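Undergrad: Taking the hints as your guide, dock the two standalone chains into a single complex.
Taken in order, these protein sequences are the chains called A and B. Reading the first sequence from the start, the letters are residues 1165 to 2106 in this note's numbering. Reading the second sequence from the start, the letters are residues 33 to 283 in this note's numbering.
No lab work stands behind these hints: they were computed from the structure. Computed from a predicted model, the values in this text were never measured in an experiment. The beta carbon of each residue, even a glycine, is placed where N, CA and C say it ideally should be. Don't take every hint at face value.
Unchecked claim - Now the in silico label distances, taken between C-beta atoms and shown as ranges: (1) Y1993(A) with K248(B): 18 to 26 Å; (2) N1814(A) with K253(B): 47 to 55 Å; (3) I249(B) with M2093(A): 33 to 41 Å.
Unchecked claim - When the alpha-carbon atoms are kept at most 27 Å apart in a straight line, the in silico BS3-like pairs for lysine-lysine are as follows: (4) K1571(A) with K98(B); (5) K1214(A) with K96(B); (6) K232(B) with K1634(A); (7) K248(B) with K1921(A); (8) K1366(A) with K96(B); (9) K72(B) with K1429(A); (10) K232(B) with K81(B); (11) K1893(A) with K1921(A); (12) K81(B) with K1396(A); (13) K96(B) with K2040(A); (14) K139(B) with K1214(A); (15) K1259(A) with K163(B); (16) K2044(A) with K232(B); (17) K2102(A) with K85(B); (18) K100(B) with K1808(A); (19) K191(B) with K247(B); (20) K1700(A) with K247(B); (21) K1923(A) with K1893(A); (22) K96(B) with K1515(A).
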Amino acid sequence: MKNLFLPLLLLFLVATAHAQTSGRFTIKGNLIDSTNAILPGATVMLLAPKDSALVNYNRSNDAGHFEFKNMRRTPYILKITYVGYIPLDTLIDPKDQDVVDVGTLALTALNQDLFEVVIKTARAPLSIRGDTVEYNASSFKVPPGSTVEDLLRRLPGMQVGQDGSIRSQGQEVNRVTVDGKRFFGGDTKMATKNLPADAIAKVQVFNGKTEQARLTGVEDGKNEKTLNLELKESHKKGGFGKATVGAGTDNRVEGKVNYNRFNDKQQFAVVGLGNNTNQSSLSWDDYQDFRGSQSFNWGDDGDFGFSNGGGVIFYSSDGDGEGLTIQAGGRPDEGFTKNWVAGANYNYDNKKTLFSGNYYFNQTDAVRDAFSRRESILSDRTFRNDNDNKSGNLNINHRGGLRLEQKIDSLNSVVILSNVRYGSGNSRYRSDQQFYRQGDVLATQSALENTSQFNSFSMGNTALYRHKFKTKGRNFSASVGYNINNSDGESNQLSNNTFYVPNQPDSVKNLNQNNETNSIRTQLKGSLLYIEPFAKYFFWETFYNFSLRQDEVNREVFDVNSDDKTFDRNDQLSRYYTNNFVYNRLGTSFRYSNKGFNLALGLAGLTFDLKGDFAGSKYSSSVTQIDRRFTRFTPNASVRFDLKNNRYLNFSYNMNVNEPNIRDLQPIVDNSNPLYIREGNPNLVPESSHNVNAGYQYFNAASFVQFFGNLYYSYRVDQVVYNQQIDEKLITRSKPMNITGGTNLGAYLNYGFPLKKTKSTLGFNSQINTGKILLFVNNQLNTTNSDSYRLGTNLSLTPNEKFTFYANANWNITNTRYSLNTSQNQRIYNSSYGGEMNVNFLTSVYFSARFNLNTYVNNRFGFNRNQPILNLSLYKIMLKSKKGEIRLSAYDVFNQNQGIRQYASQNFVTTEQVSTLARYFMLSFTYNMRGVTGSVRKRGFF
Amino acid sequence: MKSILTSIALLLFTAALAQEKEAGVITYEQEVRWARIYAKMDFLSQEEKDRIKLTWGSDDEGSKTKMKLTFTPTQSKYTYDSEQNTSDDGRYSWRQSEYLIFRDFEKENKTEIIEMLGKTYVIEDSLKAPKWKVMNQIKDIDGHVCMLAVTEDTVKRLKVSAWFSQDLALPIGPGQYFGLPGAIMELSMNDGDVVITAIKVDMKPVEKEAVELPKKIRGKKLDNVAYDNLLWNHMRDSMSAHRSPYWSMPY
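Just chain B, same shape as in the assembly (with noise of 0.2 Å):
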């Protein structure tokens, strides 16, 4: 682990004298399914679960929402693409709830602002770049080709798949995702149950403030650790409580 790290930080060393340029805001556009979800749900039924599937099913598409990664060389920043979540026709606006993950490569530190659980939460630990396990597959992903690693999620029990692109060399991704050589393009948990991927590559300077973190962060503090204890009870007082667990934290 620590070997990836410091060839991440070598690498972007490298890449930062190399070439400065490498910085810009790649958008993303989150699908979440539902009906899928709920079928992995062990409380419901065999029953619950097709009733789900045929009465929703076919309305997961209108859950889209868009993401962007600001990043530079050294830092990125994950966040809405817009502060508010609106309906098709705009008339109407829902809050966000607050979701904001910074790394910083250099200083191998990040800070995640996750609202879950009826609190908002500050993670701040150092980088721990999730095990992956890199195939032998590729796609293209908005005109990047990319190739596919997958890892898995312990803690939600998610198999995750993330397509990282082999000409933007950067070990940033969406989500609480990163570390590979290349940026994910795309983001798949549990074979699509949520997928995460980039809709537009837009390379540019980025402003200092742009990718930092906001002045003020108002929060409990937590480390990995205890942030992973709060998801563990919390996954574990839900499937008890036969309640989704994701009608109160971010997938």
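For reference, chain A alone in the conformation it holds in the complex (with noise of 0.2 Å):
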């Protein structure tokens, strides 16, 4: 080895000895422009041949000379450059030479039609590549529906032919290709005739090969002029699509498709689901899928000003609970539904008009069986009611949406927009239900049908238009809109009430009545806002809201009389109303905003103008009339601060005011239902609630480690709540009335850290909650308090791409406390435990396993449940490309799914149990357009 290691230093330093006799060397020359003047200022740079790197770099002096001295002994690129002219390479290899003189360069100007052109003009970046000249044409502004043809005709050193022959700089093009493909058998008139110049992100010119040398590989000599033209990236256009079908035991079916195709102008989807699997909406990624760029509008509602409840909020739904856009990200449904849903979506974005437009279709059947049981609590005894009902449900609806922004220049947009509905379905309803008192003394037996079906048509319609001022900051907005509300329909009533009283004979209530309701209710409303920015960082606004909501609803009941074919009409029900309520608000709000420190104070003044006309008929002439105007004053405050290093702190105060509801405010007693019979209160006036909350969030993206709590609590004054009147045959009669003094107090906080960083990570998460809820029952004010802990836990396992694990536990106790009856006091348990496991074992094999058991528990009320539920599934990527799915799933293995509830509040404590889709299986197939990708992770934040 030693033998060995002197010959080699030696050699090394031998050869290290003859680098450096031949040492480093001198680059220089001198410049001058075509027209023999002397170049000072130009750039000189030195790059290296292979990779064209910069190694080093000078300017010419002030007679046009440069020099690079002690250069590295390798050949180097001089690279000249000079404004308005074409850079100019020279390759320097020196060889033995000490000292390398280019001599005198002559650089060239750029054709000035170029310079003017491309480079000023245009604003387009120009590339001088040898023989290639390559233009950015994105830039070269032509007409909208301009073809190629055109746009070329815009191209210095092009030339179009009438018969639209190209030629370039002098020379015919004989070939046109379209990234880099031929285009249509090989006319070069095709392409540019017929592509849109819009599409086209750069124009290339070279001399390429001739077909035969192309095809035979042999070099003729002959060159062709090609013109390329490379496609923007986004006319390449864009289509994917997903279809699901599946089958499995007990008759379950699914099928979902939806297709998408869109460009960097317009988008259009259509989506298309149906299945006996309770999936009656969109999930959030099918609804962000179908909608695409209009998924979520923000500040549509032209509603100006801080929040504080009522007066502009208008319900859409007239008893069916849908409202005017499509719903999305619901649930799994409770009981069994089938479910159908169609949609198309088109939207047009060219950053100065959107618009927007779609159809949306969907319709639920929906079969519940249930059993509830309720134990109400009176100051010296309770009683319970046993509710075993069947319903079932068929909901249809169609909706419309066009929205249209236009941005009519840099201060000045307007926003249209216009959603429509048209609903219909029908309902079916039959319960058994038993009243118990002393514990299994039966009061009440009694048996309900009920049946309805309905109408109904609804239109929301919106302008909204902002101004912005030249000086930043200062904004004018003003918004108008129309709702409208129509809706017809048709029921029937029966039931059977038979009354136990100790001492007394039964007694027995039985009822058959039809009812028509017609109804329309109209809004219209608007707001403006203006925005002024004082000083350096502050900003004044000021609001106002005006609404006049007009409800004109005609409702006819009839008794049916025990023929069955006739009936009477009940005056005391039968009813017809017009309201007129008219919402002002003025508001304004300071605000200081600097760094990240957000700080509002406001006050707005607000007042209600109820006016009512009811009678017993349209055509009655006993009019009875309801005249009630109030005016609040609501404060408001919000901080938010950005601290340094993702910190956040929030605080905010609100008072919410609603206006009683006109229902409640008609002294009608309602005894449609024998056993709960309701009855109106003129005196109301409007709810009102001061709400406060804090909070602080962190999270550190280094460690993982994040934090969040909350604190909220809100003191409810003049709350409307049902006082009770319970008789000895257990009949309620309620009436509505204003309390004061409910509250909530609350605190959330979670805690996350990582056990293994971006391995594992554990977090614990816990309310505390407090509320107490006031009622009067049988003239006994009743105070309800209920508290409420829950802690929960959670450990996610990625140790990496081919398992994952996640568990998690929560517990949750509630502590009820009566005023009215303390005997009564009781604790609700309610927990969960979770764990979910997913494995990657073949290349493209995935299992998943997830188990879940709910644990309910209330002693007192004898309830004790607990619900384990297993969903196993085995799927397999298949197909070239990966686009196929085949997955086999078990849904609830245990056979154990029901929907189960309880909870305690005002003077009752209630559980729920409803039979809902239990075990199946099913196998299905998913063909993606776009791959489908397997992946053992949860979805979560990107």
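TA: Structure below.
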């Protein structure tokens, strides 16, 4: 080894010495332009020939001279650039010279056309690369609808003949390619005449091999001028779609399809689903795919100013609980449902005009079988109600939506939107109810059968105008809206009630009623907002809201006689009423905003004017009137503070005011349910609440530690509660009244940290809540205090891309105390334990198992349920480009699924069990044009 | 590399002698196109990327931030144009994460103050110019004819294109990029994921304080190697946690 080392060292020394003797070298030269004038201040660069890497640079001096001394002895590219001249590249190979003098180099001026048009006017980059001249065509302005031919006419150095033939710098272009590929059989005019100009990103002209040389591979020395059109990324049309079909045991089937097509301006999507597996709405992902860039639009309601509830709110549904816009992201339904959804959506966006239109159909046919038990607490006793019921609901909706947003110029914009819904359906409800007093003494036996059908039309229209003033921060906005809801319904109520009272004869009350209700509700509303920046960081906002709501309701009730054919009008329950409801609010707020500290303080004054006329019938002369006017002042405050290092603080105070429901104001007795009789109260005043909220959030991205905490408190003034009078037959008479003093106070904490960074995370969360609800029962005030404690923990293990495990446990205890009857104080326990495991065990085979155990315990109520649910699925990704997935799923392996609920409130405690879709097995196949990505990870934030 | 720095120094020296007035402020506009950035996260499926593009793709233009580069012939300072980021109507503001890049070409050193990963870091080290390749393309930016040079960020895995001016002969540039024969007027990462473009060049005498570092600098001190390691670890952790690294560090 030693022997070998010495000669090597020697060799190395000799080599180094040789290199040193050849020394470093100098490059020098002089620069002139094409008119032989000296060129001072030109950039002179030395680049490495192999990769154009910048090695050294300098500038030519006043005499046009440049020099690089002491350069390493390797070849260089000497690159000289000067504004308005074609960059000049010269290869320098020093060989054994000590000084390389390139002599006087002349720079050629850039074609004035190219320079002026491409560089200066179009501001497009220009590449000169040997024989290739390349323009970035996207910056050349051509009128919309122009073809590539029109674009070429504008490009310097190009001529387009009458016949569409193209010449570049005098030479004919024989070949046109699109993205390097031939376009429609090589006819040069096909591409240039048909492609839209705005689809082109770049135009390249270069000398290519002839067709023959290309085919044979034999260089024939001839060159053809070739024009290549590079398409914009956005015009490489995107399209994707997905379809799933599945069939299972117990006649379970599901199918889902969606397809999208889009480019940079337009998005088109269709979606459809059908199943009897309780999925009645689109998932958020499917909704986003369907609505695209229009998935989320904020501020479209046009109700300016801080929120304090009530007033401007308009309910677009009348009983069926459906909104005007598409509902997405629902949980699986309870009971058994059959569902259909179909829709189409189109969006257009050219940055100035945004247009969107959609149609959406959904139909749900639901069957529900439930048992509920409710214990009501009175001062000296309790009574129980068992309710065994079955219901069926068919609900059909057609929705249409249009939205246009037009940016008139940089200061003005308009948004116009209109949403329509046409809904129809029917429902059936059958129930067997028993009321028990003193434990198991039957008090009332009741059988109910209700049927109804309805159809409704609703529409919401809004126009918004926004103006920005030249002064930054000064803004004006105005909005008008018109909403309408027209519904017709018909229903039949049948009930047989038998009352058992000790020492009294049994009494029977049967009911057979038909009623028809027509209602038309309209709302006209408008809002104004003006923002003035009055000092650095300070803004003053003024807003005004107005709403006029008009209701016209005609309700005709008929008692069906025992012959089941004839009926008599029920003049007590039949009613015709019209309401005018005027809301005005004027408010102002000051805002301070500086470096992430945002403070707002505001005050608004609002008035409600309620005018109602009601009578026994549309033609009745005896009309009763309600005329009430309320004025309230609502303060508002909010603070949000961005602290350093991902920490945030927020605080808010607001006051909500809600006007009384007009039905609650009508002093009429409604005995359509003989077990629960309602009466209105014309003396109601608006209810309000004071709400305080404070929070702190922290997230450390490096250590993956997160913490957030929240505190909230609300105090209710003039809360509308339905006071109860319960008689010896256990018939409840309720009447709304205002009561002050209800509170809710709580805190929420969440803390998560990694056990091992990126591999496992442990989290804790807990919530404490204490609430006070006030209610009069049989003229005695009952205060229900409810304290609940929740503790949760979750663990996630994500060791690699093949296996993940997630576990969670939650414990929830609620203590409820009734001041009226402390012997009924009770404690409810709800807990849940969950585990989820995902494994990828062959190249594209995945297995996932999810287990949940929910427990519900209330010892006083004798309620104790455990519900273990296990879902398993095994799937394989298959087909070319992983476009297919075949999946075998087992839902609720132990056949235990049902809807279970228990809670205590006011003067009652209740439990409910709903029989729901349980165990089934399903085999499904998915085809996804974008490829199916198997992942063992839970989806989260990106 | 050394030779570039020598030539920078030499050039600066001559420039300083020749033109005292080679000082001023360049205002840049930085546009971040999140949908394109997410499209490169390899832990997202194509479906998720398409969804992000469809839903948020057209909002990218909204996130523009103005930055300014203050320079003298020997020093440069790059930071936010305004101390705060405000909403369009000015009613709401966000705190800017600290970001200041200071270079002294004469002393051949730099100080970068960057708030990221929940901390403020101060990176102090000698100047190390990226390895530029000069391309044969020219373009006009704000009236300055610029030439294209490209480089690569091997830690963040970015392709960087810089358009440097031919008439503003200083090796200055926005962000962590510099060392070309002229001021960098436009910087584009990964073909436009992030684009920083000069919108105003204001040649004017610059007060000494305007280009200097703030008097008080608080933060954890790092050198180039430690900073690269920090970035590298974060990029790796984020990818394996399926989370975008840019949630918590500047692009």
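Undergrad: Check each numbered hint from earlier against the structure, then list the numbers of those it violates in ascending order.
TA: Violated: hints 1, 2, 3, 5, 7, 10, 11, 13, 14, 16, 19, 21.
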